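Undergrad: Taken in sequence, the protein lines are chains S and X. Okay, so the first sequence: first residue is 1 according to the numbering used here, each after it adds one. Okay, so the second sequence: first residue is 116 according to the numbering used here, each after it adds one.
There may be inaccurate statements among the hints.
[To be verified] Per label pair, the in silico range of CB-to-CB distance:
#	chain 1	residue 1	chain 2	residue 2	range
1	S	Q110	X	D345	34 to 42 Å
2	S	I102	X	R254	48 to 56 Å
3	S	L17	X	R245	50 to 58 Å
4	S	A37	X	R254	33 to 41 Å
5	S	Y104	X	F226	38 to 46 Å
[Claimed, not checked] Here are the simulated BS3-like cross-link-like pairs (lysine-lysine), alpha carbons at most 30 Å apart as the crow flies:
#	chain 1	residue 1	chain 2	residue 2
6	X	K188	X	K151
7	X	K227	X	K332
8	S	K3	X	K163
9	X	K233	X	K342
10	X	K163	S	K85
11	X	K227	X	K344
12	X	K136	X	K188
13	S	K3	S	K85
14	X	K163	X	K233
15	X	K119	X	K136
16	X	K233	S	K3
17	X	K332	S	K3
18	X	K344	X	K151
19	X	K188	X	K342
20	X	K163	X	K227
21	X	K233	S	K85
22	X	K151	X	K125
23	X	K125	X	K233
24	X	K188	X	K227
25	X	K188	X	K163
26	X	K233	X	K136
27	X	K233	X	K161
28	S	K85	X	K344
29	X	K119	X	K133
30	X	K282	S	K85
31	X	K133	X	K163
32	S	K3	X	K119
33	X	K125	S	K85
34	X	K119	S	K85
35	X	K344	X	K125
Derived from the structure by calculation, the hints contain no laboratory data. Being a predicted model, the structure only gives us computed values, none of them experimental. Backbone N, C-alpha and C define an ideal beta-carbon position, used for all residues, glycine too.
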Amino acid sequence: MVKPVIVGAHYGFRDWLAQRITAVVMALYTVIFAVCALTTLDGSYESWRGMFSGGFMRFATFLTFLSLFFHAWIGVRDIFMDYIKPTGIRLALHSIVALLLIGYAGWAVQILWRL
Amino acid sequence: MSSKRTVQFKIYRYDPDKDDKPYMQDISVELEESDKKLLDALVRLKAKDDSLSFRRSCREGVCGSDAMNINGKNGLACLTGIDELAQPITIRPLPGLPVIRDVIVDMTQFFKQYHSIKPYLINNDPAPERERLQSPEDREELNGLYECILCACCSTSCPSFWWNPDKFVGPAGLLAAYRFLADTRDQATSERLDNLEDPYRLFRCHSIMNCVDVCPKGLNPTRAIGKIKDMMVRRAV
Chain S
1 MVKPVIVGAH YGFRDWLAQR ITAVVMALYT VIFAVCALTT LDGSYESWRG MFSGGFMRFA
61 TFLTFLSLFF HAWIGVRDIF MDYIKPTGIR LALHSIVALL LIGYAGWAVQ ILWRL
Chain X
116 MSSKRTVQFK IYRYDPDKDD KPYMQDISVE LEESDKKLLD ALVRLKAKDD SLSFRRSCRE
176 GVCGSDAMNI NGKNGLACLT GIDELAQPIT IRPLPGLPVI RDVIVDMTQF FKQYHSIKPY
236 LINNDPAPER ERLQSPEDRE ELNGLYECIL CACCSTSCPS FWWNPDKFVG PAGLLAAYRF
296 LADTRDQATS ERLDNLEDPY RLFRCHSIMN CVDVCPKGLN PTRAIGKIKD MMVRRAV
């Protein structure tokens, strides 16, 4: 019996667009971070802490982390789709990566709002 | 200057009836003054050893039959000049497709993908008495799209197609898909976009542009793919 090829899940476009938007967020944050670091950091822990004490910087950093995690999710999932063919193993790997990234997002909140 | 010259070849050989596995054959052939293209040399080789098998037909880059991997790069034997090639000239079948014999490959998967994008005009209006007219500007949009000869050089040089030939449409199919999306006479734009909106069929393309590099007709499937993505963005926002 020939196995039918199953395609047609409608999230290809959404994920492709999300990957582009998250890339823009990360690029913008890189500029913001560079400007803030050059103007406020003097090498001390206090200045580092001071840089992240403002609401804007915390928000921007957290948004960038979320973008990074979502961007990474799509990229890693694409790699699994190319190289891991058995559905069960792929689903397990997808779940592990997704849970890890959600965990990282929680961890990022904890770190940012602890500073 | 002598008019005759000898050219060295290294050719992929495989006859499933006789060979356990494929092997590379070293062979040389003497060419006449009039032999300019690789296909001329292959025809001479075939005269010398008639077990050598390859497809050929129009010998002028229109039929797309003699696509093969020439010194590591896909191309048409009839459009590739012998003198441009470093010797020994290594000839292999198009990568990624099952080999039937020597450099003849089974193109079923390639054409299956091509057919999956419905490569024909869909228009439910009653057919006009003579023809469906287009303005010259609208017709201009189809340039660089309709010229594809389906030789499969592009799709078989694409790693995304090697990995997922059953799910990724491939550059040739996507170029054809855009050819109909860009046609003002076509009425199935939304269905065509739906058909490509999954993580494999279109979005396996990561724009590495191997297809553009090898296309013997100088076409640009990557640009067509980009335009399909643009259409999806315009549809969604």
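Undergrad: If a hint holds in the structure, say so; if it doesn't, say that too.
TA: We went through each hint and held it up to the structure:
Look at S/Q110 against X/D345: about 40 Å separates their beta carbons, and that is inside 34 to 42 Å. Remark: the range hint 48 to 56 Å for S/I102 to X/R254 is upheld by a beta-carbon distance near 52 Å. Distance hint for S/L17 and X/R245: a CB-CB separation of about 42 Å, inconsistent with the stated range 50 to 58 Å. As the Cβ distance of S/A37 to X/R254 is approximately 55 Å, the hint placing it in 33 to 41 Å is violated.
Remark: the range hint 38 to 46 Å for S/Y104 to X/F226 is upheld by a beta-carbon distance near 45 Å. For the proposed pair X/K188 and X/K151, the alpha carbon gap of about 19 Å is at most 30 Å, so the pair holds. Between X/K227 and X/K332 the alpha-carbon distance is near 22 Å, which keeps this suggested pair within the 30 Å criterion. Pair hint S/K3 plus X/K163 does not hold up; C-alpha atoms about 44 Å apart against a cutoff of 30 Å.
For the hint linking X/K233 to X/K342, the alpha-carbon distance of about 18 Å falls within 30 Å, and the restraint holds. Our distance criterion of 30 Å between C-alpha atoms is broken by X/K163 and S/K85, whose separation comes to about 45 Å. Under the criterion of a C-alpha separation no larger than 30 Å, the hint pairing X/K227 with X/K344 is consistent with the structure, at around 22 Å. Restraint check for X/K136 and X/K188: satisfied, since their Cα atoms lie roughly 23 Å apart, inside the 30 Å limit.
The suggested pairing of S/K3 with S/K85 holds, with an alpha-carbon distance near 13 Å, which does not exceed 30 Å. Pair hint X/K163 plus X/K233 does not hold up; C-alpha atoms about 43 Å apart against a cutoff of 30 Å. The hinted pair formed by X/K119 and X/K136 fails the criterion: a straight-line CA distance of about 35 Å is larger than 30 Å. Only pairs whose Cα atoms come within 30 Å are accepted, and X/K233 paired with S/K3 is accepted, the gap being roughly 22 Å.
Our distance criterion of 30 Å between C-alpha atoms is broken by X/K332 and S/K3, whose separation comes to about 36 Å. About 41 Å separates the Cα atoms of X/K344 and X/K151, which puts this hinted pair outside 30 Å; it is violated. At roughly 26 Å between alpha-carbon atoms, X/K188 and X/K342 fall within 30 Å of each other, so this suggested pair holds. This hinted pair does not check out: X/K163 and X/K227 have alpha carbons roughly 36 Å apart, beyond 30 Å.
Taking the CA atoms of X/K233 and S/K85, the gap is about 28 Å. The hint holds against a cut of 30 Å. The straight-line distance between the Cα atoms of X/K151 and X/K125 is roughly 19 Å, inside the 30 Å bound, and the hint therefore holds. Taken as a hint, the X/K125 and X/K233 pair is broken in the structure, with Cα atoms around 39 Å apart against an allowance of 30 Å. A distance of roughly 24 Å separates the Cα atoms of X/K188 and X/K227; the hinted pair therefore holds under the 30 Å criterion.
Restraint check for X/K188 and X/K163: the C-alpha separation of about 25 Å stays at or below 30 Å, so the hint holds. Under the criterion of a C-alpha separation no larger than 30 Å, the hint pairing X/K233 with X/K136 is inconsistent with the structure, at around 37 Å. Proposed proximity of X/K233 and X/K161 is contradicted: the alpha carbons are some 38 Å apart, above 30 Å. Between S/K85 and X/K344 the alpha-carbon distance is near 27 Å, which keeps this suggested pair within the 30 Å criterion.
Taking the CA atoms of X/K119 and X/K133, the gap is about 34 Å. The hint is violated against a cut of 30 Å. Restraint check for X/K282 and S/K85: satisfied, since their Cα atoms lie roughly 12 Å apart, inside the 30 Å limit. Restraint check: the Cα-Cα separation between X/K133 and X/K163 comes to about 19 Å, which is no more than 30 Å; the hinted pair holds. Restraint check for S/K3 and X/K119: not satisfied, since their Cα atoms lie roughly 55 Å apart, outside the 30 Å limit.
Of the pairs offered as hints, the one joining X/K125 and S/K85 is violated, with about 35 Å between alpha carbons and a cut-off of 30 Å exceeded. For the suggested pair X/K119 and S/K85, the alpha carbons sit about 53 Å apart, so the restraint of at most 30 Å is broken. Simply put, X/K344 and X/K125 have alpha-carbon atoms about 42 Å apart, too far for the 30 Å limit, and the pair is violated.
Checked against the numbered hints listed earlier, the structure breaks hints 3, 4, 8, 10, 14, 15, 17, 18, 20, 23, 26, 27, 29, 32, 33, 34, 35; every other hint is satisfied.
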